[in-house]
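Visitor: Sequence:
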Amino acid sequence: MKFFIIIKEESERLPNKNFLNLNGIPLYKHLLNELESVDVYVDTDSDRIIDECKTLTNVICYKRDLRFIEMENNIDFEVSPVLFMIENFLNKFVTDDDEIIITPHVTSPFIKLKTILKATEMLTKGYDTVCACTEHKEFTYFKGQPVNFNSEVVPKTQDLEPVVMGNGAFFIFTKKVFMKNKNRTDENNYFYPIQAPESIEIDDLEDFKLAELYVLRNSFYESIFGRDNANS
6 MKFFIIIKEE SERLPNKNFL NLNGIPLYKH LLNELESVDV YVDTDSDRII DECKTLTNVI
66 CYKRDLRFIE MENNIDFEVS PVLFMIENFL NKFVTDDDEI IITPHVTSPF IKLKTILKAT
126 EMLTKGYDTV CACTEHKEFT YFKGQPVNFN SEVVPKTQDL EPVVMGNGAF FIFTKKVFMK
186 NKNRTDENNY FYPIQAPESI EIDDLEDFKL AELYVLRNSF YESIFGRDNA NS
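Numbers 6 to 237, taken from this note's numbering, label the letters of the sequence shown in order.
The hints are simulated quantities; they were obtained by calculation from the structure and are not laboratory data. Be careful, since some hints might not be right.
[To be verified] List of simulated lysine-lysine pairs, DSBU-like, C-alpha gap at most 30 Å:
hint : residue 1 : residue 2
1    : Lys130    : Lys148
2    : Lys181    : Lys117
3    : Lys7      : Lys187
4    : Lys68     : Lys181
5    : Lys13     : Lys34
6    : Lys123    : Lys13
7    : Lys185    : Lys7
8    : Lys34     : Lys161
9    : Lys119    : Lys59
10   : Lys34     : Lys148
11   : Lys97     : Lys161
12   : Lys7      : Lys97
13   : Lys117    : Lys34
14   : Lys130    : Lys7
[As the list claims (entries may be wrong)] Listed next, with one range per pair, are the computed distances between beta-carbon atoms:
hint : residue 1 : residue 2 : range
15   : Asn186    : Glu15     : 21 to 31 Å
16   : Asn78     : Val158    : 47 to 57 Å
17   : Lys68     : Asn21     : 14 to 24 Å
18   : Thr60     : Thr162    : 48 to 58 Å
Values in this document were obtained by computation on a predicted structure and should not be read as measured data. Backbone N, C-alpha and C fix where the C-beta goes; we use that ideal spot for every residue, glycine too.
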């Protein structure tokens, strides 16, 4: 089992995002700290990250290939280079086609290793890939049409079929499956539901403020009930 993480120096929607201070440490370190007991590979364009990773015995960190940087900076290149970067990692560091690969994101600072490991069990239950998701029991529309209910018979909210939204906290697959599909998921994918705070993804300033609120809330509960009961 190997964990592959991409960490960028710059972010468009939230400048310096991966280095913002969250609960006393840079955002990116929350995930690295959580994964300290497993093998982690980091692809980065940041000299700061490379220097930091030198102190982490479980992390192999390497400088991003120039071609992927050029892809990202090319306004005519309309897709993310992430899939190419994953393929590059697999070719360089993974020899076993059946090895489980996990790609979490540092923008999900509250995801837990135990949650990810539990999700990997779905690969033993007939699924080829797994990705995190959130489930929402809301009256949902797409292009003006109801998605999960019959507009002529309005059900109770609790009886609605949940709408599943992909969450970037993690993707799980094997090298063989990725090389076949050139993608992190395929048709035989399991959507693994997660809840807040693990589902908090930081893409913009509002997301970061939400993460800060959770940290404050957790600190408050810890001060009253103790660390073990703060998340209950």
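Visitor: The structure should be examined with respect to each hint, and the outcome stated for every one.
Guide: The hints, checked one at a time:
Restraint check for Lys130 and Lys148: the C-alpha separation of about 35 Å exceeds 30 Å, so the hint is violated. With a C-alpha separation of about 26 Å, the suggested pair Lys181 and Lys117 falls inside the 30 Å cut-off, and the hint holds. Our distance criterion of 30 Å between C-alpha atoms is met by Lys7 and Lys187, whose separation comes to about 18 Å. In summary, the hint linking Lys68 to Lys181 is supported, as the alpha carbons are separated by about 25 Å, within the 30 Å threshold.
Between the alpha carbons of Lys13 and Lys34 the distance comes to roughly 13 Å, so the proposed pair stays at or under 30 Å and holds. Distance hint between Lys123 and Lys13 is fulfilled; the C-alpha atoms sit about 28 Å from each other, no more than 30 Å. With a C-alpha separation of about 19 Å, the suggested pairing of Lys185 with Lys7 holds against the 30 Å cut-off. Between Lys34 and Lys161 the alpha-carbon distance is near 43 Å, which puts this suggested pair outside the 30 Å criterion.
Our distance criterion of 30 Å between C-alpha atoms is met by Lys119 and Lys59, whose separation comes to about 25 Å. For the given pair, Lys34 sits about 40 Å from Lys148 by alpha-carbon distance, which is inconsistent with the 30 Å threshold. Taking the CA atoms of Lys97 and Lys161, the gap is near 52 Å; set against the 30 Å cutoff, the hint is violated. Between Lys7 and Lys97 the alpha-carbon distance is near 13 Å, which keeps this suggested pair within the 30 Å criterion.
Taken as a hint, the Lys117 and Lys34 pair is honoured in the structure, with Cα atoms around 13 Å apart against an allowance of 30 Å. For the hint linking Lys130 to Lys7, the alpha-carbon distance of about 20 Å falls within 30 Å, and the restraint holds. For the hinted restraint 21 to 31 Å between Asn186 and Glu15, the CB-CB distance of approximately 30 Å keeps it satisfied. Between Asn78 and Val158 the Cβ separation comes to about 52 Å, which falls inside the hinted range of 47 to 57 Å.
The beta-carbon spacing between Lys68 and Asn21, approximately 20 Å, falls within the hinted interval of 14 to 24 Å. Take Thr60 and Thr162: their Cβ atoms lie about 49 Å apart, and the range 48 to 58 Å holds.
When held up to the earlier numbered hints, the structure conflicts with 1, 8, 10, 11 and fits the remainder.
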